[in-house]
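Protein chains: 4
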Amino acid sequence: MVMVVLVTGFEPYGRENYNPSGEIAKLMDGSKIMGEDVVGIVLPVSYARVRGLLEDCISRFKPRVLLSLGLAPRSSFIRVERVALNVMDSGPDNDGFSPVDEPIIPGGPAAYFSTLPIKSIVKRLLESGIPAAVSNSAGTYLCNCVMYLGLHFMGIFNVDGKAGFMHIPYTMEQAAGKVVGDVRGEPPPSMAFNEVLRAVKLALEVSLS
Amino acid sequence: MVMVVLVTGFEPYGRENYNPSGEIAKLMDGSKIMGEDVVGIVLPVSYARVRGLLEDCISRFKPRVLLSLGLAPRSSFIRVERVALNVMDSGPDNDGFSPVDEPIIPGGPAAYFSTLPIKSIVKRLLESGIPAAVSNSAGTYLCNCVMYLGLHFMGIFNVDGKAGFMHIPYTMEQAAGKVVGDVRGEPPPSMAFNEVLRAVKLALEVSLS
Amino acid sequence: MVMVVLVTGFEPYGRENYNPSGEIAKLMDGSKIMGEDVVGIVLPVSYARVRGLLEDCISRFKPRVLLSLGLAPRSSFIRVERVALNVMDSGPDNDGFSPVDEPIIPGGPAAYFSTLPIKSIVKRLLESGIPAAVSNSAGTYLCNCVMYLGLHFMGIFNVDGKAGFMHIPYTMEQAAGKVVGDVRGEPPPSMAFNEVLRAVKLALEVSLS
Amino acid sequence: MVMVVLVTGFEPYGRENYNPSGEIAKLMDGSKIMGEDVVGIVLPVSYARVRGLLEDCISRFKPRVLLSLGLAPRSSFIRVERVALNVMDSGPDNDGFSPVDEPIIPGGPAAYFSTLPIKSIVKRLLESGIPAAVSNSAGTYLCNCVMYLGLHFMGIFNVDGKAGFMHIPYTMEQAAGKVVGDVRGEPPPSMAFNEVLRAVKLALEVSLS
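Residue numbers (our numbering), protein chains in the order written: chain A, 37 to 245; chain B, 37 to 245; chain C, 37 to 245; chain D, 37 to 245.
Next comes chain A alone, as it looks inside the complex (with noise of 0.2 Å):
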């Protein structure tokens, strides 16, 4: 039976126009890794309307593996995330909405470990010459409450799959495109969009083997 492989991305958000972990989700929808289908999935960058879209997703696929990304304004690496906190705490969502400390499940755990194998994952891909580390902290906005929410359902629906989080760099023109204009700014860190796309595959295939 060829089972599902899910990965999420994210919609652009606040002054971003472009946001790479949507694109990555959107060219490996329909795809095939080590065998097994790709679905790729854009997540709004809605607290309350990614809920329900990953509620039925994931009852829907019972993925074997969901591997949920999102963007890392500030990091130069992939950072392959260890843990997502029941707390919502941020600037405002795509909805304008701003939560203050409130739990993303109330009466839920304070925390889920990621199911993926992630030291693997990060020693994979610095094999592959990819710079990557284990992240502690994956924030308290719409990437953290995807990460829990994803581990969450996965147990609510008993699938017996792993799921988990990466944050990734903006891409090079991305980047770039911060300081076009203004000779004299600094550029943001980034990495080659196509390392970053590598980068997810090599940890889905880590996770599947």
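Check the hints yourself; a few may be wrong.
Pairs involving identical chains hold if they fit within one copy or between any two copies, as the list cannot separate such chains.
Here are the simulated DSS-like cross-link-like pairs (lysine-lysine), alpha carbons at most 30 Å apart as the crow flies [to be verified]:
| no. | residue 1 | residue 2 |
| --- | --- | --- |
| 1 | Lys155 | Lys68 |
| 2 | Lys198 | Lys159 |
| 3 | Lys155 | Lys214 |
| 4 | Lys198 | Lys214 |
| 5 | Lys159 | Lys98 |
| 6 | Lys237 | Lys98 |
| 7 | Lys214 | Lys237 |
| 8 | Lys98 | Lys68 |
| 9 | Lys214 | Lys62 |
Calculated directly from the structure, the hints in this document are not laboratory data.
Add chains B, C and D to chain A, keeping to what the hints say.
Okay, now just chains B, C and D, sitting in the frame of chain A:
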């Protein structure tokens, strides 16, 4: 008449066993840029030996463009240097020489400004999707020394060409290699090697235009 | 009835021969904050030995406030920690023990949130001219371990008090000392010791209010 | 004969409503250092107006030491500048003037090295517990301009004294103020004002010795 474009890079130094600046000089040696012959030279990381080598190259080739390259271990972007100072102040070079506040050319000018079109280079790199910025300090180690000597000898030999320096990031493999075996470490910033190579070619094109 | 405020800091570790967190614990031991007795304890940088010590202190003093302190070598500001994770993953402690992804309390919750008023503490520090921020990761070394154990034992012994952790910067002397003798080095971030001490007292006042 | 020590700082600029460099100049005005009279001057953040003011001060006071100060918003330590470049390249000053790659003194030398004992100053600061380093770039804004003009006019008027520049961090209050009301923000680096003042006095003492 075909003229020469001179590209210099460095051999590895300190604890590094690889220097992308030297690899680019090797790769480009013998190629053509906008119809001009490229001569690529790998310089020793030696205050004493670099001097005669640069003097010979510049007096012999009278390059239309001299672009020297060096590694900037903490940068995530291409740094197009504005100025070279008449000072050597650093830890040991590969010969074990550690100058303290010594002039490169006793009695020489305090500084030489790059004669490359640095703002146009940065603009072109940014528009081409490569993070870059003008840098106001090339440090006080070999990189600054080579930039100073390059500009100095271009003047001494009345070469009607432009000269300057660019600092380039670690390659991705090199950055990843710093933390292989230490899955908790954070890799330094980096840039894909082929993108750095593309940046060097674009910088030469802008300089030749 | 006079109640106890418990302040813990650490002994030096690794290549450091000084730890401001331990110095503050020593300094405050025997003092009073808002009429309450302060007990200051210097903890060993030892996963094995810290456990019993914390257990004894908490069961004995049943502190109204437990504020643990630790050093954050790369921070320029006070970091008021939000959460402690049930994981130990670090290089060697002072006993040479290097845990890899082990739980602090097998079967314990994945995380404990600080029960201190972290946002109010940050607000008070900022209004008092002390740079501070909420931090979403206390790392996975002894600092995180002590925060987790503190919150764990407060629950185990049904102590009706608040507990949490603050990371503090290097002192200025300590940061300067890193580059004494290397006039070319850049010192790490730091904060004047008396300002850190003031921050700790303010945090305790806010917690007791 | 009593000689004069000239200390300059700047008025606030851009979005800042406070500039510690100007406050130090005001505070030190009229004081004595090692028996010498200190004259403290607050300079306008104006390329046009700073020139005549510096020229007048230097020709009038013929200072034994001229130490100019400016704010370095991203530094956690005192930066003792090595060199000033003959270039203005920046966003708008307080008069709205935004020069692009213009010389400060047309036909002037490309750079002036500080004539202060910069290494001895850094050494003394470090030994006194104040984080400090030599900096190889004073930027291309007003700070660099004032350093260049100071060294230039010392030469023009044949003053037998030393001149140079130090960049100082934000004060703690100023850094804290950047994130007051945004309890999620991270404050920039800073240094306690009284420590910066101590650093300036130590730098003057070393320069007068």
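(request) Could you check the structure against the hints above and give me the numbers of any it violates, in ascending order? (result) none
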